[in-house]
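Peer 1: We have chain L already, so just place chain R on it with the hints.
Chain residues, written in single-letter form:
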Amino acid sequence: MEKEGLYKLDSIIEKFRGKSGSLIPVLNEAQEEYGYLPLEVQDYIAQQLNIPLSKVYGVATFYAQYSMEPKGEYVIHVCDGTACHVRRSTIILDAIKEKLQLTDEKNTTDNKKFTLETVSCLGACGLAPVVTINGKVHGKMSPKAVKKIIDELDGGEIDA
Amino acid sequence: MLKTLTDLNQAVEKAGEMIKKEGLQILVCAGTGCVANGSLEVFADLQEKTRELKLPIKVKLMDEEEESHDNVTVKISGCHGFCEKGPLVKILPMGLLYTNVKQKDVDKIVEDTLKAGKLVKKLVFKSPDKELYPREEEIPFYVLQNRVTLENCGNIDPEDINDYFATGGYTALSKVLFEMSPAEVCKEVLDSGLRGRGGAGFPTGRKWEFTRRAEADQKYVIINGDEGDPGAFMDRSVMEGDPHRVIEGLIITGYATGATRGFIYVRAEYPLAVKRLKKAISDARESGLLGEDILGSGFDFDLEIKEGAGAFVCGEETALIASIEGNRGMPRPKPPFPANSGLWGKPTNINNVETIANIPRIIINGAEWFSSIGQPNSTGTKTFAITGDIQNTGLIEVPMGITLREVVFDIGGGIKDGNEFKAVQIGGPSGGCLTREHFDLPLDYDSLQEAGAMVGSGGMVVMDNETCMVEVAQFFLGFTQKESCGKCPPCRIGTRRMLDILTRITAGEGQEGDLEKLEALARQIKETSLCGLGKTAPNPVLTTLRYFRDEYEVHIRDKECPARQCKALLDSYIINEEKCIKCGLCQKECPVDAISGERGEGFEIDPDKCTLCGACKAVCPVNAIY
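Here the protein sequences line up with chains L and R, keeping their order. Quick note on numbering: the first sequence equals residues 1 to 160 in the numbering used here. Quick note on numbering: the second sequence equals residues 1001 to 1626 in the numbering used here.
In short, the hints are calculated from the structure, not lab data. Quick caveat, the model's predicted, so the values are computed rather than measured. Just so you know, not all the hints are guaranteed correct.
[Claimed, not checked] Here are the simulated DSBU-like cross-link-like pairs (lysine-lysine), alpha carbons at most 35 Å apart as the crow flies:
id: 1; chain 1: L; residue 1: K71; chain 2: L; residue 2: K99
id: 2; chain 1: R; residue 1: K1617; chain 2: L; residue 2: K113
id: 3; chain 1: L; residue 1: K99; chain 2: R; residue 2: K1559
[What the hints assert, rightly or not] Estimated spans, in silico, between C-beta atoms of each pair:
id: 4; chain 1: L; residue 1: D43; chain 2: R; residue 2: T1528; range: 36 to 46 Å
id: 5; chain 1: L; residue 1: E152; chain 2: R; residue 2: S1282; range: 29 to 39 Å
id: 6; chain 1: R; residue 1: D1593; chain 2: L; residue 2: E73; range: 25 to 35 Å
id: 7; chain 1: L; residue 1: K136; chain 2: R; residue 2: P1056; range: 31 to 41 Å
id: 8; chain 1: L; residue 1: E14; chain 2: R; residue 2: R1405; range: 56 to 66 Å
id: 9; chain 1: L; residue 1: D151; chain 2: R; residue 2: G1038; range: 16 to 26 Å
id: 10; chain 1: L; residue 1: E152; chain 2: R; residue 2: A1044; range: 18 to 28 Å
id: 11; chain 1: R; residue 1: P1376; chain 2: L; residue 2: E152; range: 56 to 66 Å
id: 12; chain 1: R; residue 1: I1581; chain 2: L; residue 2: E73; range: 33 to 43 Å
id: 13; chain 1: R; residue 1: E1420; chain 2: L; residue 2: E152; range: 30 to 40 Å
id: 14; chain 1: L; residue 1: E152; chain 2: R; residue 2: E1450; range: 46 to 56 Å
id: 15; chain 1: L; residue 1: D154; chain 2: R; residue 2: N1009; range: 56 to 66 Å
id: 16; chain 1: L; residue 1: E73; chain 2: R; residue 2: G1513; range: 46 to 56 Å
Every residue, glycine too, gets a C-beta built ideally from N, C-alpha and C.
Chain L extracted, bound-state conformation (with noise of 0.2 Å):
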């Protein structure tokens, strides 16, 4: 990462400073900014709020929301929660993995375009099984109809 590109930490930073327990609103913050927190982002946090390197990385891998890895352009969450677990969400996991030919180890695409994650539970049981693409809640989904969708995105037609 150029250095430069550390600067916006700066602003981020600088909000926080001084109050207690502001290394998780941080890190938020700088994960929305770069998508993800490279050891770089992470090391200049921890000089910049004077704690250890060790204490930014223990917070950032104990998380699920922080990732170590830059993300697709879009985002998929296939809820794993037990309402879309009863109503049968595996396949639709399935579908989406064999569609962008993704597994459980690689889970963005070669051309960076899609990330594929599970999380348990977005609240939105009324829906199951559901789906979010960068935040927008797809429900009642099958296979199919997900396939349907990233093809859309695929070729760009609808913004997500």
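Peer 2: Frame of chain L, contents of chain R only:
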């Protein structure tokens, strides 16, 4: 800016009058479920198209008298709970509810209901026996409910503080500030019998009293909105649909315990709840209901939102405190309890969202009113999120002690797709399952505990006869194992070992003695884990073993899955000829061309070709593939 009690009373009175002037109110549900179904487009369209209406508007409901209104207001509301039928549009004051409203229906609502004063019948809820229910309160889903914490959800605009004032909002706060001492508030809550709605069921009044008595220069109060139980969304609905109630409840908690700072910890997966709460906090602060010398009472209180970052264990209070402090969210041994040493080492009171949402009504109506609802040892109401293989998915609020039968059949409308009831998992991954034999079990803290389950947060996942209980147990344990923070070995290693055994069983590699091993591990983990996550993690396995042991045994001995869910134990899917309507959708969907046959004549799956991908199963409209 409200500076005195009189100011507040005037604001409440004025808001009430303003609501009357709004005339006919059209509320479009803007909860997560309805928004995902396009309710905001319906809202925008309704707003646009009602502008040109000629006033007054005359509306006639079924066989009742015509009502006339001089004005019409379109606004958003929080979640009604009837998510299955969304988007929902409610028309007040008559309480008319339109279901499954799409953008294309807006013209019809304007033309038929608002101009001609008639019902749009196709948008009215119909019961399976085709009876029409135009009024929300008369729909069977709502009849048995008693909405206390959810009373405003769906009826007010959550982004408008005046709407909350119009319901008497913040008068519970003024009552405690000017008429009650902190000790009296604690006693009132204790007398009400309110117990923690987050899971453990500890008496709230007693918890408050501990913090009140602790001496320190600074105390804190926290609302736990880290609703991580998969299948539970009551806290989300209250925070999204009635945020001021949560804030008022927290200020009262602060006053009762002597705390001047509060936090609302919301999980990261609830962006809409965070947005609504932020708006509500800023409105409350501008109105002088947060900050210094609230309403001139001399009491200072302010609060902020802390967003979680995705960790189920942060629902445990000491882990939540660690997370607010900016650390890894790992629990620590108790004592000391947070009431003595909590956030930054100061006395801290933590309650769940639903617990706090009960407080304003308890203060206004009194402890006696609250304890008259429900059971002697489980007073008040409880919200349950009913989901899974059930007709009416949604959020309900019922008196404690209602039976499982009433919830599943009378409110929930029974099982989906004409299947049979098998079990219900209650209390999420920490809870247990209930079966047919519990149909008449009263749902309250003590009865559920006896049955091996728990009220927990109130998640209730209904499962039909096509659900494999071993796979369900594996699913829950997979969840707790993944969410184990790793601090204490019984939970870290024990849940992993249990999961390994369950995975082996569902993969067809179960061995004699596995069940005994599972039980022994479960006992050890329950007894020796540090926090609630580990102590309750084995519950789903223990209850499924208790009620469905034979299903486990068939998996191990005969290498069969009676519910036909464990793929490793199946050769291929089968089409049930009796159910099949010969539509051919499965054939079109099959990626390996394993399905032969003709439309109208019937289909067959070739077991040699079938890869068990499940695509046909998902697309079958009558659930004929198993």
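Peer 1: Compare the structure with each hint and give your call.
Peer 2: We went through each hint and held it up to the structure:
no.: 1; hint: L/K71 x L/K99; verdict: 18 Å, holds
no.: 2; hint: R/K1617 x L/K113; verdict: 29 Å, holds
no.: 3; hint: L/K99 x R/K1559; verdict: 32 Å, holds
no.: 4; hint: L/D43 x R/T1528: 36 to 46 Å; verdict: 39 Å, holds
no.: 5; hint: L/E152 x R/S1282: 29 to 39 Å; verdict: 38 Å, holds
no.: 6; hint: R/D1593 x L/E73: 25 to 35 Å; verdict: 34 Å, holds
no.: 7; hint: L/K136 x R/P1056: 31 to 41 Å; verdict: 40 Å, holds
no.: 8; hint: L/E14 x R/R1405: 56 to 66 Å; verdict: 58 Å, holds
no.: 9; hint: L/D151 x R/G1038: 16 to 26 Å; verdict: 21 Å, holds
no.: 10; hint: L/E152 x R/A1044: 18 to 28 Å; verdict: 23 Å, holds
no.: 11; hint: R/P1376 x L/E152: 56 to 66 Å; verdict: 57 Å, holds
no.: 12; hint: R/I1581 x L/E73: 33 to 43 Å; verdict: 41 Å, holds
no.: 13; hint: R/E1420 x L/E152: 30 to 40 Å; verdict: 39 Å, holds
no.: 14; hint: L/E152 x R/E1450: 46 to 56 Å; verdict: 52 Å, holds
no.: 15; hint: L/D154 x R/N1009: 56 to 66 Å; verdict: 59 Å, holds
no.: 16; hint: L/E73 x R/G1513: 46 to 56 Å; verdict: 51 Å, holds
Consistency note: the structure conflicts with none of the earlier hints.
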